[in-house]
Amino acid sequence: MTVGTSADAVEPGRAGLQPRAPKRLRRLTGRDKTVLTLMTGVPTSLMVVFVWVPALASILLSFTTWDGIGLDSIKWVGFQNYHQIFTIYPQFWPAVWHNVIWLVVLAAVPTPFGLFLAYQLDKRIRFSRFYQSAFFLPVAISGALIGFVWELIYNPDHGLINSLFHTNNPNGTYLDWVGHYPLNLIAVLVAASWRHTGYMMILYLAGLKSVDPGLKDAAAVDGANEWQAFRHVIFPSLRPINVVVAAVTVIESLRAFDIVYVFNKGENGTQLLSILITDNIIGEASRIGYGSAIAVILLVVSLVVIIPYLIVTFRKERRA
Amino acid sequence: MTATTLAPDTAQPRSRPEKSSRGRRVRPGRIVLHTFLALTALAWLVPILWAVYTSLRPYSETQSHGYLSWAHTLNFSNFTAAWQQSGMLHFFWNTVLIAVPAVLLTLLLSAFVAFVVTKYDIKINLFLLMLFTAGNLLPQQVIITPLYRLYLLIGLPSSISDSGKMYDTLFGLIVIHIAFQSGFCTFVLSNYMKTIPATLSEAAVVDGASVWQTFSRIILPLLKPAMAALATLLSIWIYNDFFWAIVLISNGDNMPITSALKNLSGEYFTNDNLVAAGAIITALPTLIVYFLLQRQFVSGLTLGAEKG
Amino acid sequence: MSPESPRVFQGPTVDRRVMLKGLLAAAGVAGLPTLAACSSSKSSGSGSGGGAATGTVSLGSNASDAVPKKAFQAVYDAFHTASPNISVKVNTKDHDTFQEQINNYLQATPDDVFTWFAGYRMQFFAAKGLSNQIDDVWNTIGGNFPQSVHDLSKGQDGHYYFVPIYYYPWGVFYRKSVFAQHNYTIPTTWNDFVSLCEKMKSDGLTPIAFGDSDKWPAMGTFDYLNMRTNGYQFHMDLMHGKAAWTDAKVKKAFSYWTQILPYHQDGYIGRKWQDAALTLIQKKAGMYLCGTFVAQQATNPDDLADLDFFAFPAIDPQWGQDSIEAPVDGFMLSKNPKNRAAAVKLLEFIGSTQGEAAYLNVDPSYDALINGFDTSKYNAIQKKSATLFATAQHVSQFMDRDANPAFTSTVMQPELQSYLQNPNSLDSILSSVEQQKQAIYTS
Numbered sequence: 001m002t003v004g005t006s007a008d009a010v011e012p013g014r015a016g017l018q019p020r021a022p023k024r025l026r027r028l029t030g031r032d033k034t035v036l037t038l039m040t041g042v043p044t045s046l047m048v049v050f051v052w053v054p055a056l057a058s059i060l061l062s063f064t065t066w067d068g069i070g071l072d073s074i075k076w077v078g079f080q081n082y083h084q085i086f087t088i089y090p091q092f093w094p095a096v097w098h099n100v101i102w103l104v105v106l107a108a109v110p111t112p113f114g115l116f117l118a119y120q121l122d123k124r125i126r127f128s129r130f131y132q133s134a135f136f137l138p139v140a141i142s143g144a145l146i147g148f149v150w151e152l153i154y155n156p157d158h159g160l161i162n163s164l165f166h167t168n169n170p171n172g173t174y175l176d177w178v179g180h181y182p183l184n185l186i187a188v189l190v191a192a193s194w195r196h197t198g199y200m201m202i203l204y205l206a207g208l209k210s211v212d213p214g215l216k217d218a219a220a221v222d223g224a225n226e227w228q229a230f231r232h233v234i235f236p237s238l239r240p241i242n243v244v245v246a247a248v249t250v251i252e253s254l255r256a257f258d259i260v261y262v263f264n265k266g267e268n269g270t271q272l273l274s275i276l277i278t279d280n281i282i283g284e285a286s287r288i289g290y291g292s293a294i295a296v297i298l299l300v301v302s303l304v305v306i307i308p309y310l311i312v313t314f315r316k317e318r319r320a
Numbered sequence: 001m002t003a004t005t006l007a008p009d010t011a012q013p014r015s016r017p018e019k020s021s022r023g024r025r026v027r028p029g030r031i032v033l034h035t036f037l038a039l040t041a042l043a044w045l046v047p048i049l050w051a052v053y054t055s056l057r058p059y060s061e062t063q064s065h066g067y068l069s070w071a072h073t074l075n076f077s078n079f080t081a082a083w084q085q086s087g088m089l090h091f092f093w094n095t096v097l098i099a100v101p102a103v104l105l106t107l108l109l110s111a112f113v114a115f116v117v118t119k120y121d122i123k124i125n126l127f128l129l130m131l132f133t134a135g136n137l138l139p140q141q142v143i144i145t146p147l148y149r150l151y152l153l154i155g156l157p158s159s160i161s162d163s164g165k166m167y168d169t170l171f172g173l174i175v176i177h178i179a180f181q182s183g184f185c186t187f188v189l190s191n192y193m194k195t196i197p198a199t200l201s202e203a204a205v206v207d208g209a210s211v212w213q214t215f216s217r218i219i220l221p222l223l224k225p226a227m228a229a230l231a232t233l234l235s236i237w238i239y240n241d242f243f244w245a246i247v248l249i250s251n252g253d254n255m256p257i258t259s260a261l262k263n264l265s266g267e268y269f270t271n272d273n274l275v276a277a278g279a280i281i282t283a284l285p286t287l288i289v290y291f292l293l294q295r296q297f298v299s300g301l302t303l304g305a306e307k308g
Numbered sequence: 001m002s003p004e005s006p007r008v009f010q011g012p013t014v015d016r017r018v019m020l021k022g023l024l025a026a027a028g029v030a031g032l033p034t035l036a037a038c039s040s041s042k043s044s045g046s047g048s049g050g051g052a053a054t055g056t057v058s059l060g061s062n063a064s065d066a067v068p069k070k071a072f073q074a075v076y077d078a079f080h081t082a083s084p085n086i087s088v089k090v091n092t093k094d095h096d097t098f099q100e101q102i103n104n105y106l107q108a109t110p111d112d113v114f115t116w117f118a119g120y121r122m123q124f125f126a127a128k129g130l131s132n133q134i135d136d137v138w139n140t141i142g143g144n145f146p147q148s149v150h151d152l153s154k155g156q157d158g159h160y161y162f163v164p165i166y167y168y169p170w171g172v173f174y175r176k177s178v179f180a181q182h183n184y185t186i187p188t189t190w191n192d193f194v195s196l197c198e199k200m201k202s203d204g205l206t207p208i209a210f211g212d213s214d215k216w217p218a219m220g221t222f223d224y225l226n227m228r229t230n231g232y233q234f235h236m237d238l239m240h241g242k243a244a245w246t247d248a249k250v251k252k253a254f255s256y257w258t259q260i261l262p263y264h265q266d267g268y269i270g271r272k273w274q275d276a277a278l279t280l281i282q283k284k285a286g287m288y289l290c291g292t293f294v295a296q297q298a299t300n301p302d303d304l305a306d307l308d309f310f311a312f313p314a315i316d317p318q319w320g321q322d323s324i325e326a327p328v329d330g331f332m333l334s335k336n337p338k339n340r341a342a343a344v345k346l347l348e349f350i351g352s353t354q355g356e357a358a359y360l361n362v363d364p365s366y367d368a369l370i371n372g373f374d375t376s377k378y379n380a381i382q383k384k385s386a387t388l389f390a391t392a393q394h395v396s397q398f399m400d401r402d403a404n405p406a407f408t409s410t411v412m413q414p415e416l417q418s419y420l421q422n423p424n425s426l427d428s429i430l431s432s433v434e435q436q437k438q439a440i441y442t443s
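Each protein sequence line maps, in turn, to chains A, B and C. Sequential numbering of the first sequence, starting at 1, is according to the numbering used here. Sequential numbering of the second sequence, starting at 1, is according to the numbering used here. Sequential numbering of the third sequence, starting at 1, is according to the numbering used here.
Among these hints, one or two may not hold up.
[Said to hold, decoys possible] Using C-beta positions, here's what the derived DEER-type ranges look like:
(1) A:Val53 with C:His159: 35 to 43 Å
(2) A:Thr87 with C:Lys176: 48 to 56 Å
(3) C:Asn85 with B:Asp253: 18 to 26 Å
(4) C:Lys176 with B:Leu89: 52 to 60 Å
(5) B:Ser210 with A:Ile101: 51 to 59 Å
No wet-lab data here; the hints were simulated from the structure. Cβ coordinates follow ideal geometry from the N, Cα and C atoms, glycine included.
Next up, chain A with everything else stripped away, as it sits in the complex (with noise of 0.2 Å):
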């Protein structure tokens, strides 16, 4: 399976080399076409009926108000919802920062250095799976224990910080990582990005690896130095990689949810959309409408960032 070589990745509009041929519709028969209806079918009708559908139905709620008990208790009241969420709702505008925090913080320390541990890594150095198997570890477990594992480390009258710098003395210095703002969403970010360098030291490896080592080599030869060679050669070559690298960095600041959820409910100072809506949604609060609402703007927020993904993605599609 040698075809696909990297000639071929580097042009795609080489259409004398293309890797597949459409096959041509009019060979096939009857049962294969039920074949067909039935492989896309039946995986598209479980993705409509169970995600796409209460997503439609998500956004509908939001107009309306409601306990979540029986039916016949939703009342449509238009954008009542949403005035009340822009305008009297305190923690919402605080939740919609911290979400730009988060994306600002991720794509600014742990993506960068998860490119870097990656660039390192990426020279077959000795003792790079170790390395490798400790950065990413962070990513294999939950964010539940992610969060519970933190806050033993930041709970501020016996956590490992505390306790080790002497910052547990309420008539003295008392630093509380939980429930101090700003100490608690530098507490949350520095977990999250625990987790999120892994992940980026990952997709940049596996970008890395597939960089055409002819080009590195013809910087070396013109005589850049290694900064100058990864600038001018080697980054320029990620772009697939960033792609897909401020996809996720994008998703997961505006998904991020378990952690903050498990370490300190969100309280004042790490408030996130998420929490926000399952606050309203979840338990006896019950604020359907409400919370449906919270969802459909962090539904949007997230869409705004998928479609442009979804166009760099498969523009390229199209072209090939």
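Following the hints, position chains B and C against chain A.
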């Protein structure tokens, strides 16, 4: 490009001029790098190591000496207590019953879609692909309430469901996992399948193979590396999920492993050492899977990343 | 056919005078009229005998902790002994998940009987038609309880929906040895309380332990401050949405809080209440306002024996210390139980002396509500609870049980934390609370 990634050892086009010329001389820069990487890696492991340390200490000891203290006793008492108190075995089994079918079916169904979308030129293909990819990126909270209502409406025979409805069944959890994860798998598998040359399937057609035969005999076997990688990823993601169960399961006995941990946190009294032990036991399967299949795990994530 | 969202609920107001007589009699105070005067219901207090009901009763329980789970199982086992034809099938979920799921659970496939709490929270489900009325149960057990408990167990429509099993009061906890060591006296008025805080501070103790990271502990402080400053009726009006949070009375209650905030333990926003309790137990703090379940944190028996509590001090002499915050836990019947006859028998048993005794024999963290319950086996904390409960005239259930749950969890919890972080912005916080409250109560 995916092909090169998947067969890295057989085709190694890179030459390493630095290595051969350096021979045994170790650059000082290399030492600095190793020191940095080693220290950073150890720092990375500190949170987990701290949790392990806490879990090995009896509660009475940490109560009297504090958590940051040298341990006089280290034993597994917290582990045995966590195992027994939380009913972990039962919840493990629940998760197995959910994860295994979910992983297998997701992979199969995603392979179906990926196959049709890449090998056949039908107008709807691009739309389908976008539908699946976008579905993968939605947050769970967005669909949770209508999903609950939907589950109450769908009736199931009593052999599968005690309540007669899809709500509160492991079956229901399997279905939502499949629907939710199939987007990612379809995307990854379709990328991968593009690298499979058309000549193979065309030859099969010339030989008179039907669509199903082409899929099952020719394409499916070639997907093994991708399937292995995705299986690893999926099982870890499904195993670690706790959100669906909160809304879609009502009977305590039907809960997955992630809720076992909650059973260890008391309403009024929480023994952190005990919970730490429970957390580690809960994490063990994913960690074992990760270590055994590390290479597949890594390549699984990157399969979706490669773009032709 | 469920009714519209209730705007304002008439919660139960509890007249304690009648209860006073019953419990003081039980506590062995001579010369008071006995049970006969208490309640007008018919039969006396025994539970169920045998009966035509058979089969299995399913029961949804949030008692996931080891000790309460065992204690409840003891109740069900005792019931099974009394009614061998009926067995109880328990479905336990961890308490967090149970409460998070409750709306979905009750609408879909609930068990016949389920554990729940008295107060608005109970009435809410009754009004929504998610709970079956149990007047027949109360016909049997009515005589066991004083009028106050009757009121707590009724829905908005006057029918019974709830069977209680125990209660636990909130009070100011302290260590007897610490108070003896420094010659402190129990404060009964606000000024005494504040000067005690001053004294403790100069003695090197943290006067008031506090940990609000779970967001509900602060509500306990507010409830008492409000009841002591403005009286029980105003507090209930506030909980039921009839009074405004921007009212000057509310601000006055908060002003007392601001006064004692400097005496609170530092870093209370991020501290868990269990850690705050530990500070008290470790003699680093002098006082701690909490429910009697705090005793569970004292794992050392010497610490436990040293623990005691007193009633929250009076602020306005008009009210004195007339109200007590004492949440009541119990059981309800779901809307369409599969085996109603057997479930009724179970509920009758729970609402009897045998039922409550079966529980408290295993888990002595709480107190019984039954008239004439044998308190001789009570530990010190239980006895103190009974005394304080008996002398109180009004009983509140705690903010998250007395008020609309959407309001308490999405508004009050974060807003109280905002206040605690910045007491100076009280005005803007209160007007935001009022705005949000109106949005929720009128939706």
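Results of checking the hints against the structure:
1. A:Val53 with C:His159: 35 to 43 Å: Holds, since Val53 (chain A) and His159 (chain C) (Cβ atoms, about 40 Å apart) stay within the stated range.
2. A:Thr87 with C:Lys176: 48 to 56 Å: At 52 Å between Cβs, range holds.
3. C:Asn85 with B:Asp253: 18 to 26 Å: With a Cβ separation near 25 Å, Asn85 (chain C) and Asp253 (chain B) satisfy 18 to 26 Å, so the hint holds.
4. C:Lys176 with B:Leu89: 52 to 60 Å: Between Lys176 (chain C) and Leu89 (chain B), where Cβ atoms are some 45 Å apart, the hint is violated.
5. B:Ser210 with A:Ile101: 51 to 59 Å: Hint holds: Cβ distance 55 Å, inside 51 to 59 Å.
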